[in-house]
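Visitor: In case you want the letters, here they are:
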Amino acid sequence: MAVLTREEAKQIIDKVLSFATADETDVRISGGKTGNIRYARSTVNTSGESNELNLAITSVYGKRSGSTTINELDDESLKKAVERAEEIAKLAPENPEYMPMLGPQEYADSRTFSESTDKIDPEFRAKAAADSIEPTSANQLTAAGYLEDYSGFSAFGNSKGNFGYNQSTSVDFSVTVRTEDGTGSGYAIRDFNDVSLLDSGSVTNIAVQKAQASRNAQAIEPGKYTVILEPTAASDLLRLISRSMDARSADEGRSFLSKKGGGTRLGEKLFDERVNIYSDPTHPDIPSTPWTGEGMPRERTQWVENGVVKNMYYSRYWAEKQGVEPVAPPSGIIIEGGDKSLEDMIRSTDRGILVTRFWYIRAVDPQTLLYTGLTRDGTFYIENGEIKFPVKNFRFNESPIIMLNNIEELGQQQRVSGSMIPAMKIRDFTFTSLSDAV
Amino acid sequence: MPVCYNQTFRLNLESSFKKALTFIFYFNQNKGGKLKRRDFIHLSGLGLGAMMLPGLAFGKEVSPEELMNPGLHAAAKKELADVALQAARAKGATYTDVRIGRYLRQFLFTREKNVQNITNAESFGVGIRVIADGTWGFAATDDVTKEGIAKAAETAVAIAKANARLQKEPVELAPVQGVGEVNWKTEIEKNAFEIPVKDKIDLLLKANNAAMDNGAAFVTSNLFMVNEQKYFASTDGSYIDQDIHRIWPTFSVTAVDREAGVFKTRDSLSAPMGMGYEYLDGLASEKTEGPAGSNLVSYRNSYDIVEDATAAAKHATEKLKAKSVNPGKYDLVLDPDHLGLTIHESVGHPLELDRVLGYEANYAGTSFATLDKWKSGDFKYGSDIVNIVADRTQDHSLGKVAFDDEGVEAKEWDLIKDGVLVNYQAIRDQAHIIDEPESHGCCYADNWNSVQFQRMPNVSLRPGEDKLSSNDMIKDVENGIYIVGRGSYSIDQQRYNFQFGGQLFYEIKNGEITGMLNDVAYQSNTQEFWNSCVQICDKDDYRLFGTFFDGKGQPSQVSAVSHGSSTTRFNGVNVINTGRNI
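These protein sequences, in sequence, are chains A and B. So that you can map any letter, position 321 of the first sequence is 321 in the working numbering, and since no number is skipped, the others follow by simple counting. Add 1000 to the 1-based position in the second sequence for the working numbering, that's all there is to it.
Think of the hints as simulated: they come from the structure by calculation, not from any bench. We treat Cβ as the ideally placed atom computed from N, Cα and C, and that holds for glycine. A portion of the hints provided could be inaccurate.
The list that follows gives simulated cross-link-like pairs (lysine-lysine, BS3-like), each with its CA atoms no further than 27 Å apart [unchecked claim]: (1) A:K392 to B:K1185; (2) B:K1323 to A:K259; (3) B:K1475 to B:K1314.
Partner residues aside, some chain A positions facing chain B, computed with beta carbon under 10 Å [unchecked claim]: (4) A20; (5) F113; (6) S185; (7) N306; (8) K310.
Simulated restraints on C-beta separations [said to hold, decoys possible]: (9) B:R1258 to A:Q412: 41 to 47 Å; (10) B:K1321 to A:G62: 52 to 58 Å; (11) A:S417 to B:N1581: 39 to 45 Å; (12) B:R1165 to A:E7: 24 to 30 Å; (13) A:G323 to B:S1285: 52 to 58 Å; (14) A:L197 to B:S1376: 31 to 37 Å.
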């Protein structure tokens, strides 16, 4: 019984609340099934599946809170768990930043569940792996990949009458194809709520093409180049911005959104006017849970409009302290793109570098969001509108803030890691050294 | 794969959380005794969702008292283990090992004057690994009864037989001599779980106050404590009971100049250690003064968190005004608390044999240190003075155990000898690939429900033989930078090209430290870098660096590992300036 229906979950939550005597009580239940399969050197190494169900109770007296978790749902166990959470809460120190629980909220209807993903079984996983290994078997290639799927639910309710229920599924698949002589490597990655959108064989074929085309890469001088970033590569850098839009850090003077002399850069135009970034839990391609950990409803929120910073996220505590409305942080983000295909973008490029993905990205300077990392698994030189030859991988030192001021062109979007990200052509992207890594 | 600090640590917690969801279900609610106010401080600062998350990420939320419960007696564990060994053999296994594991974790998080989170977690269960039809199979259960264990053993055999169809060559295990019934404990003076939570919180808040009193605008401090109670039994005739302790106090201090719109941070110079709470005694005998002009104190096997937080606030404030580095070639003098990470990334990971063979290709990558380079017998990884050893035997290190997670006795071996690549890190089913008669004893699983695989042992640079202090080393440097602490770090998927930052950068001009620098990062190539190593301080300067959350594998597992070194000089390394205007 790892997945409870809305009614079953509500019933258990109400029962727990009926046992509670604290000022406020919050109950959360989540459960589901997780499975995976991993292969390398074209052979399956590990596969597994497991189920879980968990209930967490938080009891609050004034500004003192305590929580406990259990996995037995009989009345006796639930009663004891409530008593324990209340005992813990009474002994806890006051939390000066505690915010009272939210009353009933309106949550968006987010289509996060897919029947086909829910039905994944070991055989399905084995077939997905076999479909992925197959295209590599004949061509002196070797495949290493990983597929992980989840189907489950989460529900919560509190003594103020708030309640939420969401059922969701996800599948993440990635594959690296290498030539047996070790001179070429390609990669492709996809994630979906609905596994019927995933064809592990055709995704692997992309990695196969990249592996074969990237053999015997040539060294070219590092420096500033126009780059075409495939959505995977663009996402690697751009999602770092959405993680750094916390209002509290900005107000505290330790964010790229902090203003010299105090205050924040909310309302300032920090990016090219073609940059529009928003989040929306009901987006059909990247549906996500319509509430945050604080129980705040996630709504469509514009973060950047025509290059201007329109919103930062505010926790309920920080919003109250600053006298503004709270703003929920995004789950995935949507960066608006254009109509151009990757091929179109290559065709219109005189001289540039096509990047499949980045790797080992680390913050260098949180003040400017400067990051370093390397290209990996398919980096190509473009001249006069054509891919000319594979190039050795580069190390970059670049800030996504600077990138979003150097836009040449935005291409078609693709789902990457729960976000919708366009392919991007960026000028003056800074490569600082070469790597021999394949 | 990456060591995880700062923002990457958060990511790892998230991925651990996702994984942890798969076994949370198995734990029964603790029915322990009454709580006492003085032993308990709970949460502040975080929202409801956030505050529940960390405990769940590592098992079941329990009371601090439960962490002192000694758990099952060895005799009871032997009885359970024998059930698994017999059940697997009856189903056709030719080899079986059983790990009955109880993993206890207490993590404390504070910010300025507030406690942000306290998490006490317990995870208890059994993992059973078998070979049947020449193929590995693994199953785990939280049902630690004879019936539950027998069932898991049978599942493991069934999985092995199912996977055997895909196996190309049968598993070949290097031999291990059974050791009978033995036990081992990390040598600790004070069990950190027995120190009242309030005392630990008080110490963190005292460190925070010290930082705030000395110019910090913000400070967070954390204390991580781990106890792994692991019972291992195998069909080789070993019954090994081990009790392993680790501790990591750490903080990050931020100074802000609002007028200039600038902020700088300085993280703690502690190391995670295989020690008890005595690591926080701050003994004067374990402190060393940094080189003249650096105003630094370093800590060996005893850490003074309040003193370091005080210094950190002053350093962060000084960094606000420090000059930006001129890019170019410099002689680098690298402190052990910095060099440990460079060793980890450029020597530790590329010499993991499973990476070399391609098993990590889809995640962390492969390795430049291919078998042909090793077979040549003359691959110059570094200069003649570079001697790098692997071990699981160093006192106070994170890797120290008596036996690994497949019952192999801990030992020490050379990886790089007089600059030449001589060996890898291999476990029982890999030893034959590199013609080793036995495993190196570096097999590890991060929980009872994850399968053990090859993990990095301690990997350390041997100190120089001639008497040399860091102060003496700097006297000979004309144009250099002295780098202290772990900063930004990035390396490619075959471990050639890397870039490292640090916490503190001191300019060296004509043998003297002349002041602090900002915006420093060095870029090099692993082989070029280690061949530019010209001088290593002696054993009196030797210290351990470590990481608590080294990630590897899919689904990802974490492990803890130490890296020892003395202050070391590298000539003519390329330094870039990382300052930007946005």
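Visitor: Against each hint, give a clear statement of whether it holds in the structure.
Guide: Outcome of the hint check:
no. : hint                          : result
1   : A:K392 to B:K1185             : violated (49 Å)
2   : B:K1323 to A:K259             : holds (22 Å)
3   : B:K1475 to B:K1314            : holds (25 Å)
4   : A20                           : violated (15 Å)
5   : F113                          : violated (17 Å)
6   : S185                          : holds (8 Å)
7   : N306                          : violated (18 Å)
8   : K310                          : violated (18 Å)
9   : B:R1258 to A:Q412: 41 to 47 Å : holds (42 Å)
10  : B:K1321 to A:G62: 52 to 58 Å  : violated (44 Å)
11  : A:S417 to B:N1581: 39 to 45 Å : violated (30 Å)
12  : B:R1165 to A:E7: 24 to 30 Å   : violated (44 Å)
13  : A:G323 to B:S1285: 52 to 58 Å : holds (53 Å)
14  : A:L197 to B:S1376: 31 to 37 Å : violated (48 Å)
Of the numbered hints stated above, those contradicted by the structure are hints 1, 4, 5, 7, 8, 10, 11, 12 and 14, listed in ascending order.
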